[in-house]
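Undergrad: Each residue of the sequence shown is one higher than the last, beginning at 1 in the numbering used here.
Hint data in this document are derived by calculation from the structure and do not stem from the laboratory.
C-beta: ideal position from N, C-alpha, C; glycine also.
Careful, some of the hints might be misleading.
[Said to hold, decoys possible] Below, a list of computed lysine to aspartate or glutamate pairs in the EDC-like style, where the Cα atoms sit at most 16 Å apart: (1) Lys210 with Asp190; (2) Lys242 with Asp15; (3) Lys202 with Asp190; (4) Lys173 with Glu233; (5) Lys248 with Asp159; (6) Lys248 with Asp149; (7) Lys210 with Asp159; (8) Lys181 with Glu231; (9) Lys229 with Asp175; (10) Lys203 with Glu189; (11) Lys40 with Glu66.
[As the list claims (entries may be wrong)] Label-pair distances were calculated between CB atoms; the ranges are: (12) Phe59 with Asp175: 41 to 47 Å; (13) Val184 with Thr249: 31 to 37 Å; (14) Ser197 with Ser34: 39 to 45 Å.
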Amino acid sequence: MFRIQDLTDSLNRNDPFSFLLVYLNLIVQGSSLSLPTQSKINFVKDEWASIMPPSCQNFTDSFLLELSQIWTKLVDSHSGIMSDFYVSELLDILTSEPQVKSLVSVAEDGPLIGMNPKLNSIESSISSDYKLEQKIINQETVVNKHSFDQLLSFYSNKDVISFLNYYLEFCLKNDQYNYPKSSVLNRIEDSWTSIFSDLYKKKPNEQFIKDISFIWFHFVNKYSIPYVKTELETIIFYYRKKYFKNIKTIKPSKKGNV
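My request is simple: use the sequences and hints to build the entire structure.
TA: Structure, rendered in structure tokens:
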């Protein structure tokens, strides 16, 4: 079950995607929440600002803009009639594997949502994305005892992004490491708590658990729960693509690889 508190947490983490995911799930659960009715970004932003729950008033302009872009794109992807199942259908689209959309036309007021407005053309946007993907694919990740020891450093420094990147790589290479196989937030938190307790033999940092759980919640709801290694590889790929600039490189061991 989702809670209003989950909305507040996603807002505090500056995660519009998770915010919208929780928001739509709350509506499906029966919460009395409103949705934007306009189609122009500026009007949609104003609507989101006016319908935000009381506990979610500390939003920024950039958060509203990104939320409005995701919402507008989502509604455009649905392009069907509004029915009793409209919100559920939007959720299905939001959590499905992203499809490559046709780039034949450009929106009337500027580039398509999701494209970098600073780029001069669709071709350069595609080229930039392609180069990043190739860099990620060709990236070598050394998994050994030394790199595993450095996970503790990421944990101690509250670097959730880097920790999860390398931990998932360990899960991919070694079956003894586990990760949450759930898309429900409270179950994800319980699972990470258990994992960290086993790893470090003490009660884990609560904020770290909340942060890593929300990130995992975001990815498994967007790309599905990875039950086999090929699915985990997909999660890792898109994770590195999203957080490429935030993931710190593990320093090589002075004694060499173990």
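Undergrad: Measure nothing beyond the straight line between the CA atoms of lysine 173 and glutamate 233; if it is 16 Å or shorter, mark the hint as holding.
TA: Cα-Cα ~11 Å, so holds.
Undergrad: Between the alpha carbons of lysine 248 and aspartate 149, is the straight-line distance 16 Å or under?
TA: Given that 16 Å is the threshold and the Cα spacing comes to 15 Å, the pair holds.
Undergrad: For lysine 203 and glutamate 189, compute the direct alpha-carbon distance and say whether it is at most 16 Å.
TA: Holds, because 13 Å separates the two Cα atoms, which is no more than 16 Å.
Undergrad: Straight-line Cα separation of lysine 210 and aspartate 159 no greater than 16 Å?
TA: Holds - the C-alpha atoms of aspartate 159 and lysine 210 are around 13 Å apart, at most 16 Å.
Undergrad: Below or equal to 16 Å on CA atoms is what counts here, so check lysine 210 against aspartate 190.
TA: holds, 10 Å
Undergrad: Is the hinted pair lysine 248 and aspartate 159 satisfied, with a Cα-Cα distance of at most 16 Å?
TA: holds, 9 Å
Undergrad: Range first: 39 to 45 Å. Now tell me if the beta carbons of serine 197 and serine 34 are that far apart.
TA: Check passed, 41 Å falls within 39 to 45 Å.
Undergrad: Would you check the hint for lysine 202 and aspartate 190, treating anything up to 16 Å between C-alpha atoms as holding?
TA: holds, 15 Å
Undergrad: Does 31 to 37 Å hold as the CB distance between valine 184 and threonine 249, or does it fail?
TA: holds, 33 Å
Undergrad: Do the Cβ positions of phenylalanine 59 and aspartate 175 conform to the proposed distance bound of 41 to 47 Å?
TA: holds, 42 Å
Undergrad: Does the alpha-carbon distance linking lysine 242 and aspartate 15 stay inside the 16 Å limit?
TA: holds, 12 Å
Undergrad: Verify the proposed pairing of lysine 181 with glutamate 231, using a straight-line Cα cut of 16 Å.
TA: Measuring from Cα to Cα gives roughly 12 Å; hence the hint holds.
Figure legend: structure checked against the earlier numbered hints; every hint is met.
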